[in-house]
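S.K.: Under the working numbering, the letters of the sequence shown match residues -1 to 57, in that order.
I should point out that these hints are in silico values taken from the structure, not numbers from a laboratory.
One should not assume that every hint holds.
[Claimed, not checked] Computed list of lysine to aspartate or glutamate pairs in EDC-like fashion (alpha-carbon distance at most 16 Å, straight line):
id	residue 1	residue 2
1	Lys27	Glu40
2	Lys18	Glu36
3	Lys27	Glu9
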Amino acid sequence: MANVSNDGMQECAFAGCHCKVSEDEHYIKTASGIFCCEACAEGKGCHHGNCNCAANQQQ
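Make the full structure from the sequences, and use the hints.
M.R.: This is how it looks when you write it as structure tokens:
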């Protein structure tokens, strides 16, 4: 639980993703950590609101 902030929300475990994950939202929990969505869990990144981590993934 390294990425827990003051408000009790945890950041997505995907590198570069700053989306907050809460227990009541749709999230993906894997051995690698807790991700905000399926795309981040698969290493693709997301385009949620003010987060554009998918665009930062240059393969």
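S.K.: Against the 16 Å threshold, does the CA-CA distance of Lys18 and Glu36 hold or violate the hint?
M.R.: Cα-Cα ~14 Å, so holds.
S.K.: Against the 16 Å threshold, does the CA-CA distance of Lys27 and Glu9 hold or violate the hint?
M.R.: 12 Å, holds
S.K.: Checking one constraint from the list: CA of Lys27 to CA of Glu40, max 16 Å. Satisfied?
M.R.: Distance of about 11 Å is within 16 Å: holds.
When each numbered hint is compared with the structure, no violation occurs for any of them.
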